[in-house]
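Chemist: Listed below, chain by chain, are the residues.
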Amino acid sequence: MSVLLLADHDKGELSPATARLVAAANQLGPVDVLVVAENPGNIAASAAQIAGVRIVQVVKAAETAESITNSLESLAQRYQSVSASASSVGKDVIPRLAAKLDIQPVTDIVAIEGANRFTRPIYAGNALETVTDPQPKHLLTFRASAFRPAASGNAAPVENLDLSVTSAARFLAAHRTESDTPDLATAQIVIGGGVSVASAEGFQLIEKLGKTLGAAVGATRAAVDAGYAPNDWQIGQTGKIIAPDLYIAIGISGALQHLAGIQGAKKIFAINTDPEAPLVKIADVALIGDLFEIVPQLIAELEKSGIRKPQ
Amino acid sequence: MKILVAVKRVVDHNVRIRVRPDGTGVETTGVRMSMNPFCKHAVEAAVQLAEKGQASEVVIVSVGPKQSNDVILTALAMGAHRGILVETDAALETLTIAKLLAKVADEEQPDLILLGKQAVDDDSNHVGQMLAALTNRPQATFASEIVVKGSELEVTREVDYGRETIAVPLPAVVTADLRLNTPRNAALPMVMKARSKPLAVRPADTFGVDLTPRLTIEKISPPAERVPGKTVGSVADLASAIASEVNEMEAL
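Top line first, the protein sequences correspond to chains A and B.
Letter 204 of the first sequence, counting from 1, is numbered 196 in the working numbering, and no numbers are missing.
With positions in the second sequence counted from 1, the corresponding number in the working numbering is that position plus 17.
Think of the hints as simulated: they come from the structure by calculation, not from any bench.
Here the structure is a predicted model, which is why all the values come from computation and not from measurement.
It is possible that part of the hints are untrue.
Claimed, not checked - When the alpha-carbon atoms are kept at most 25 Å apart in a straight line, the in silico BS3-like pairs for lysine-lysine are as follows: (1) K129(A) with K200(A); (2) K129(A) with K203(A); (3) K259(A) with K296(A); (4) K210(B) with K83(B); (5) K273(A) with K247(B); (6) K258(A) with K247(B); (7) K52(A) with K92(A); (8) K210(B) with K92(A); (9) K296(A) with K203(A); (10) K210(B) with K236(B); (11) K247(B) with K69(B); (12) K129(A) with K236(B); (13) K120(B) with K214(B); (14) K214(B) with K259(A); (15) K69(B) with K214(B).
Said to hold, decoys possible - Stretches of chain A that chain B covers, calculated by requiring three or more beta carbons in the stretch to come under 8 Å of a beta carbon on chain B: (16) 34 to 43; (17) 115 to 126; (18) 217 to 224; (19) 237 to 251.
Stated by the list, open to error - Away from chain B, derived, C-beta distances all over 10 Å, residues of chain A: (20) Q19; (21) P22; (22) R46; (23) A68; (24) P149; (25) T173; (26) L197.
Don't be surprised by glycine CBs; every beta carbon is placed ideally from N, CA and C.
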């Protein structure tokens, strides 16, 4: 009943969400992690420390959908479940692998109800679908934010696999947003800005509040489309799905597609001029007023009280 | 270059859906339906390539009930050349849809297959990747830019860390993200003209693909309702509410 889990990584480091995925996969059986990377050393070493990992297998290869899919495919026979994060990589490769193996995948899992029973959101999270998967093999992606992280302190063996994988697609260039804010998908506090933030400069104010609280910073699709914030900050049905303990939505009216991305938040606070905005209606705490007046005062208040999230 | 674009008819993305109280699904009767937004971006990309002289023919395919003709007509009004409806009233799984589209791709032999990255009803985000595997093509998913470079495409993809550019040799499969373009609204003369464009209707059960679902849907339930909150009167009150939340957080 063992599970193969593809590790997500960026810039040669393991994704911080991996401990959550290991915890999810571990509900189905012993977890073996697969790392496919050009420079896998640090990634594999970090993965080996996560509790519940039996072995870390490493393929040194280009990070395209084809080479990752081919790596997974060559190992898939040994596992009852092959899984990944519901991240941009997992979404890219698991359906491709599923078609090759003639298996209908179950993706974006937010709850594991049994050995082959899973719950996933549909309609932007406005409904939840519970399915039973009777197939001999399960192909799965888990939504990391829906699971508590596994502990660390393990020392699983690392095994290098000598696979030659090919890819017709070639990687040309990465365009990344340089930022030292925490990972949006796993942050405990997230500050979100909407189109009312009105400019990239306005977003610096949102970022400043984020820094004060040690929070990640996100944005609505409209704010990203307007060029105020980079695309990897987008929260919503088609962007990142977040599940922080606290989400502070600033100048966000609350389109259905944005609400889809924040339903996992434990508490939602809102700052908005419009008391009738959908986001204000669902907020646990709302302050009505102009964000450009409120946010600087809020930063000052919070700095005065010295509040900061536990690390 | 010949382009095949797959489109899906879904509950309009502005409709607030309602889960049936008996847990059997989402109410779709009497609800406004339209083309999945991501599919619109895929159609627009194909039509723009045709307008630039980089594509010679844009063929639209949809898998679904007879009413899916409406979304094919929308795509034809946007400038596509002809349509194919693979007709079925059954709710098909994504793997089945990909297999049907692979059969159509075998017949049509397109250089490029464009799809939306996901449908806003089941939110699966599967079909493009599956179709790429079944037709043994490279894939470029979540595209925000497509540039034709000879017999290759340079595609910029929206990924979790930002964006990345990859080169994919044709024939290939590309799925569209929202910032790929701004889909046009077809003018009335184009809508009239679309009705005279060829539209073939073919029953889904004539493709030799097993349409039986693999998964059993046990129930569809509404998400937990959020309890209404309160409005505070001052920045100081908001700051202390934030402080009390932060104090309750456990260190990770």
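Chemist: Just checking, Q19(A) versus chain B, shortest CB gap more than 10 Å?
Modeler: The claim holds: Q19(A) sits with its nearest Cβ about 18 Å from chain B, beyond 10 Å.
Chemist: Quickly compare the C-alpha distance for K52(A) and K92(A) to 25 Å and report which way the hint goes.
Modeler: Roughly 22 Å between the alpha carbons, so the hint for K52(A) and K92(A) holds.
Chemist: Against the 25 Å threshold, does the CA-CA distance of K258(A) and K247(B) hold or violate the hint?
Modeler: Holds - the C-alpha atoms of K247(B) and K258(A) are around 15 Å apart, at most 25 Å.
Chemist: Sort out whether K203(A) lies within 25 Å of K129(A), counting only the CA atoms.
Modeler: 44 Å, violated
Chemist: Is it the case that A68(A) keeps its Cβ farther than 10 Å from each residue Cβ in chain B?
Modeler: 13 Å, holds
Chemist: Per the stated criterion, does the least C-beta distance between L197(A) and chain B lie above 10 Å, as a non-interface residue requires?
Modeler: 14 Å, holds
Chemist: Going straight from one Cα to the other, do K214(B) and K259(A) come out at no more than 25 Å?
Modeler: Violated, because 53 Å separates the two Cα atoms, which is more than 25 Å.
Chemist: Checking one constraint from the list: CA of K273(A) to CA of K247(B), max 25 Å. Satisfied?
Modeler: Holds, at roughly 9 Å.
Chemist: For R46(A), is the shortest beta carbon distance to chain B beyond 10 Å?
Modeler: It holds; R46(A) is separated from chain B by about 24 Å at its closest Cβ, greater than 10 Å.
Chemist: If you draw a straight line from the CA of K210(B) to the CA of K83(B), is it 25 Å or shorter?
Modeler: Judged against 25 Å, a Cα distance of about 20 Å means the pair holds.
Chemist: Tell me if the straight-line CA distance from K120(B) to K214(B) falls inside 25 Å.
Modeler: 22 Å, holds
Chemist: Is it correct that the beta-carbon of P149(A) has no partner in chain B closer than or equal to 10 Å?
Modeler: 27 Å, holds
In summary, the numbered hints that this structure violates are 1, 2, 8, 10, 11, 14 and 16.
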